[in-house]
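Engineer: As a plain string of letters, each chain reads:
Protein chains: 4
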Amino acid sequence: MPRSTTHRVDIAFGDCDPAGIVFFPNFLRWMDTASLSFFMQCGVPPWRELVKTRGIVGTPLLEINTKFHKAATYGETLTITTHVEEWRSKVIVQLHRVTRAGKDGAAEDLICEGREVRAFVKRDDHDPDRLRAIPVPEDIRALCA
Amino acid sequence: MPRSTTHRVDIAFGDCDPAGIVFFPNFLRWMDTASLSFFMQCGVPPWRELVKTRGIVGTPLLEINTKFHKAATYGETLTITTHVEEWRSKVIVQLHRVTRAGKDGAAEDLICEGREVRAFVKRDDHDPDRLRAIPVPEDIRALCA
Amino acid sequence: MPRSTTHRVDIAFGDCDPAGIVFFPNFLRWMDTASLSFFMQCGVPPWRELVKTRGIVGTPLLEINTKFHKAATYGETLTITTHVEEWRSKVIVQLHRVTRAGKDGAAEDLICEGREVRAFVKRDDHDPDRLRAIPVPEDIRALCA
Amino acid sequence: MPRSTTHRVDIAFGDCDPAGIVFFPNFLRWMDTASLSFFMQCGVPPWRELVKTRGIVGTPLLEINTKFHKAATYGETLTITTHVEEWRSKVIVQLHRVTRAGKDGAAEDLICEGREVRAFVKRDDHDPDRLRAIPVPEDIRALCA
Chain A
1 MPRSTTHRVD IAFGDCDPAG IVFFPNFLRW MDTASLSFFM QCGVPPWREL
51 VKTRGIVGTP LLEINTKFHK AATYGETLTI TTHVEEWRSK VIVQLHRVTR
101 AGKDGAAEDL ICEGREVRAF VKRDDHDPDR LRAIPVPEDI RALCA
Chain B
1 MPRSTTHRVD IAFGDCDPAG IVFFPNFLRW MDTASLSFFM QCGVPPWREL
51 VKTRGIVGTP LLEINTKFHK AATYGETLTI TTHVEEWRSK VIVQLHRVTR
101 AGKDGAAEDL ICEGREVRAF VKRDDHDPDR LRAIPVPEDI RALCA
Chain C
1 MPRSTTHRVD IAFGDCDPAG IVFFPNFLRW MDTASLSFFM QCGVPPWREL
51 VKTRGIVGTP LLEINTKFHK AATYGETLTI TTHVEEWRSK VIVQLHRVTR
101 AGKDGAAEDL ICEGREVRAF VKRDDHDPDR LRAIPVPEDI RALCA
Chain D
1 MPRSTTHRVD IAFGDCDPAG IVFFPNFLRW MDTASLSFFM QCGVPPWREL
51 VKTRGIVGTP LLEINTKFHK AATYGETLTI TTHVEEWRSK VIVQLHRVTR
101 AGKDGAAEDL ICEGREVRAF VKRDDHDPDR LRAIPVPEDI RALCA
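Chains as they are written, first to last, in this note's numbering: chain A, 1 to 145; chain B, 1 to 145; chain C, 1 to 145; chain D, 1 to 145.
Hints may contain errors.
So these bits of chain B aren't anywhere near chain D, every CB distance computed over 10 Å [what the hints assert, rightly or not]:
#1 HIS69
#2 ALA71
#3 GLY102
#4 VAL117
#5 LYS122
With a straight-line cut-off of 30 Å between C-alpha atoms, the simulated DSS-like cross-links for lysine-lysine are [what the hints assert, rightly or not]:
#6 D:LYS122 <-> D:LYS90
#7 D:LYS70 <-> D:LYS103
#8 A:LYS67 <-> B:LYS90
#9 B:LYS52 <-> B:LYS90
#10 A:LYS70 <-> B:LYS52
#11 B:LYS122 <-> B:LYS90
#12 A:LYS90 <-> B:LYS70
#13 C:LYS103 <-> C:LYS70
#14 C:LYS90 <-> D:LYS70
#15 D:LYS122 <-> C:LYS70
#16 C:LYS122 <-> C:LYS52
#17 D:LYS67 <-> C:LYS70
#18 B:LYS70 <-> A:LYS52
#19 A:LYS90 <-> A:LYS67
#20 C:LYS103 <-> D:LYS122
I should point out that these hints are in silico values taken from the structure, not numbers from a laboratory. In this text the structure is predicted, and so the values were computed from the model without any measurement. All C-beta atoms, glycine included, are put in the ideal place defined by N, C-alpha and C.
Using the sequences provided together with the hints, build the complete structure.
Structural biologist: What follows is the structure in structure tokens.
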């Protein structure tokens, strides 16, 4: 079983749109937070530190595929369960499952799922405005697998 | 050739994250705006009107697959080109291509692409808190295809 | 002593801007959540219910004055302490104090403060697109003062 | 007459909340963009350049006072008119007036107003995580007054 972490989200009024449901880019915002939270819960230092010690700026997304199953609204609480499904040489595939506790003891509701492909990046030596993917650091993999 | 529309985005400072590049959920926010803009440029009334005249609340997403090719930052201008790739009985597949004009006459940069599956929805007759997918309205298809 | 509630915020990477600090409109977003959380912690039903039972849509802002004292960044946790400073006939003045726990036992840091003027509103009987301020409901005041 | 610039905003569906109107922190987000746009329209280089050439990271807010007069909703277009009301030694007071064109030739609607106090900041020499206010640069004032 790969290592898995959870991240809690309390949906705010302002996260919802005129249809009264969560405006979907917020789910991706929360998945991004869950992604970072995964690394930090696994013991990886914040990027703010890693950029100083090792030049690692973060793990920008290369791809995200998201499926929406049910709507959610403000006042509700979501749980995002995150793990790394695949470790490739230069990218990782991270999976987020967003659920809401069932009412009155019912099974939980699956709200949406996101499958992310992310790379670890540094700033380019010659052009610091460019970001370059690096091989997945072995020590980070050891902490998170 | 299917009907295609464009939507312009000027990237703001606050759209960017500590890595200095667009925080990715903003791309999906802009694609959502491009999706609505597509319908309005095709002559479909705003949902605010359609909810009154026909009960149609909007076109919530069922799925979005997004690929990120290059980073973008504040001060830059993006163009989102949108069309409907596929009209199924109950869903549509809408494609967004986000580009940045090339510098000094160079070809444009492809920043990211999003493929959305959307349904048209109404509120449920018995439980107005629930949204239900309806068949793709033929008159809207006629305006947008 | 007026009734006071607290609301916790964990700052996310995407809440911060290219200067590496919280993009300030997010503080106002969190104050809005703290405002609603205040009412709910005091026992006021969610607007989603109140709009059905009494037509009350929410408490839109008339004015907000915000002072920023220190920057905050991702990975940090904030506490927003909220109370109603003044109950007038048609508006309330709500105060939010945003603090960060001090490091190593030091006193807490005051990050920012917001003073909001809010009204309770209903939709206009004749034009449901218009919102109209109503007198502050006595029962809500009784719960929150 | 001080120099004044304008910035256009097309309100998106996702900028609005379940009450169907603009979620107010978005107004402050747009004022922030208008603030930066003011400097750039006046000929000040982007902070991304100024941080390299002169260490100036940006103009974080010290204070913002905002009054909301009318609601606005998606599909509408706003104009933000910006100028610097006051140049002090270490801070500036910037004023944003957000209006919507009147319908059928009527006078424009004043939607909201924001009065911002901003400082120019650099990173601290000894602790680059700290930002320090500097005297308002004379050349920037000359461009913008």
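Engineer: Run through the hints listed earlier and report the numbers of any the structure violates, in increasing order.
Structural biologist: Hint check: nothing fails, all pass.
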